[in-house]
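One letter stands for each residue in the lines below.
2 protein chains.
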Amino acid sequence: MTKNTPVTIKDIAHALNLSASTVSRALRGMPEIHPETRQAVLQLAQEWDYQPNQLAKNLVKSRTRTIGVILPTLSYYFFSSVLNSIEEAAMQAGYSVVVCQTNESYLREVAQIQNLLNSQVEGFIISLARDTQDLDHINRLLRKQIPVVIFDRYAEGIEASKVIVDNQLAAFKATEHLIENGCRRLGCLAGPPNLLISNQRLEGFKEALRKYDLPYNERCVFHSDFTQENSMMQALSMMALPEPPDGILTMSDRIAFSTMYALKQKGIRIPDDVAIVSFNNEPTCIYLSPSLSSVNQSIQEMGSQVVRLLLKQLESEHSVPETVTLSTQLMVRESSMLSKKKVS
Amino acid sequence: MTKNTPVTIKDIAHALNLSASTVSRALRGMPEIHPETRQAVLQLAQEWDYQPNQLAKNLVKSRTRTIGVILPTLSYYFFSSVLNSIEEAAMQAGYSVVVCQTNESYLREVAQIQNLLNSQVEGFIISLARDTQDLDHINRLLRKQIPVVIFDRYAEGIEASKVIVDNQLAAFKATEHLIENGCRRLGCLAGPPNLLISNQRLEGFKEALRKYDLPYNERCVFHSDFTQENSMMQALSMMALPEPPDGILTMSDRIAFSTMYALKQKGIRIPDDVAIVSFNNEPTCIYLSPSLSSVNQSIQEMGSQVVRLLLKQLESEHSVPETVTLSTQLMVRESSMLSKKKVS
DNA sequence: TAGATAAATAAAATCGTTTAAAAATAGTAG
DNA sequence: CTACTATTTTTAAACGATTTTATTTATCTA
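Line by line, the protein sequences are chains D and F.
Mind the numbering: the first sequence is residues 1 to 344 in UniProt numbering, read in order.
Mind the numbering: the second sequence is residues 1 to 344 in UniProt numbering, read in order.
Quick caveat, the hints were computed from the structure, so don't treat them as lab data.
Only true hints are included.
Same chains, same label: a pair holds when it works inside one copy or across any pair of copies.
Within a straight-line C-alpha distance of at most 25 Å, the following computed BS3-like cross-link-like pairs (lysine-lysine) qualify:
id, residue 1, residue 2
1, K10, K61
2, K61, K144
3, K144, K10
4, K312, K61
5, K206, K173
6, K57, K10
7, K144, K312
8, K173, K211
Whenever a hint applies, use it, and build me the whole structure from the sequences.
In structure tokens, the structure reads:
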């Protein structure tokens, strides 16, 4: 009697001596169904706890109303928060969201996109993995006319819509802030060398040095892979230079946290010995001592813009790729406020 | 010519003058297909970039090999890390994972479970939302014989497998540690009053007070909803008591971070004026000044045990609910190390 | 009361795949 | 030449819904 397979429309139809189509219509409240019939159907459906099979629905409609989101990781505040914002906006528009983490691996990125594609997601929101260099998998999506929006971690050579910030400008302003506070020997703790946004920030860093006639020394740029161990190592190497910097720009808060931790253990004082400015403005920044100056990008806005651009593509044939550049704000905190300003 | 609809098996069959079943078999490398035929099929499939429709596959097989994971949020280190571990273990076993956040809302929890159920996930891994009191939605799953494993945030009255820690014992030991370090007026910053694990920890807290003959004052227990604002407010209320505590047990690092931030602004020194021990052992703990003592639960282990229990249910009919209790370790750091131990 | 119209239901096709059963083809032995 | 295998392919049903088309039944009009 209590068979373990879920109740289907056919079961209900059979029990009530109706056809499947009538039951289907009754369940969806379509107009041409006799009230009595509808009543009977709804009641039995409730009684048997009928649950529509989404797979079947999607198959026949060839629509899933689902967006695939590919992220490097969910353990970073930035990504998990943007995801929240994306989910909110997508839900509002009647779409649901499936998230995948690449764990910074190119191979995973390719595989996850493939999976979601086979699962018939209707569009993609992507932030590239650290290890991604080859962009074929993304361009294949574009060739198939599948809506794609890239955000934050983008790359050149992708003709897709993007939501980004002016990384060079943000880094320029952050570096300028260090300089204006008296720093003269500047170091940069960058991200992986193949990450476009890291390189753009590096450009902004250099630009600021040029503007203030400060020497740029390639040996003052170190690259971290974002892990704690590596970041600490790079930070210590930098401070072990013959002329260690008195101001550091780091490319992410995670790198900055590790850096501060490493320097503290070495007895190097922040900001007195070396000032630090970072990127992302994670909530943790304010909890640290000294609190960490960091470049804020509006996470809420980023999520909603990303979804907006994707919906545009989903809802109209052939829309052209668009780039939205959001503004950033440098949040100045203790880590870059020198007690004695060295310059006027 | 370039129709926008994806290539199907039928298209290939038609083009090669074969039947759909032959193409299907050829693509899956089944043995009874003539090598020449297979060759032709594979080649055309490649040329046309054929992608199998997972919906159709799942529908016909009535299997999705997908696990639904319901979490309160992904912005907490604890949950996003357990998720990572779950994904790893699930992948190993050939399952994929779909994550949903409830944002601590009961209604979302119900809705998300419903959605995943309709999408034919084969089992659930759940950590309950803060606001969840009614457990009908979970019990409905169990009645339908759908495999469910609860972890961390569980509740009484659910006959499902669980992976948890001995919260009472962990809190007892943490409190004992505070007492042994000389604290005599103890306060507790608990989670929401309806959260079982918070109450269990509170029990452990009381138990320790009893053991050491210290007075338990209900007015020394404050409940936070995990948000920063509320946590700060509760912490300040606690310290504004006529006899403020000299040692606080907080139920999560998030609460502790906010507490430390609030106390710092008030000029209250940690650990000298008040020592703090917390739960979760987020990486941020070590970055703070003072570094935060916290109870560690093995995240890796929790994820893999959760998946193990779920697989057990997925792979055998009628397995009985099982409870795995993992051990915890108190990580003692500066926030609870009093410079002058007040007792021997 | 025939004929037309409207209302309610049923039957059949469809989505893209898998699979069991049937059929076609080729090869081999008696 | 027939009968029997073995190999390969096709046919048809199925998964669980929606949707198009067809049919039945009831109601109305003239």
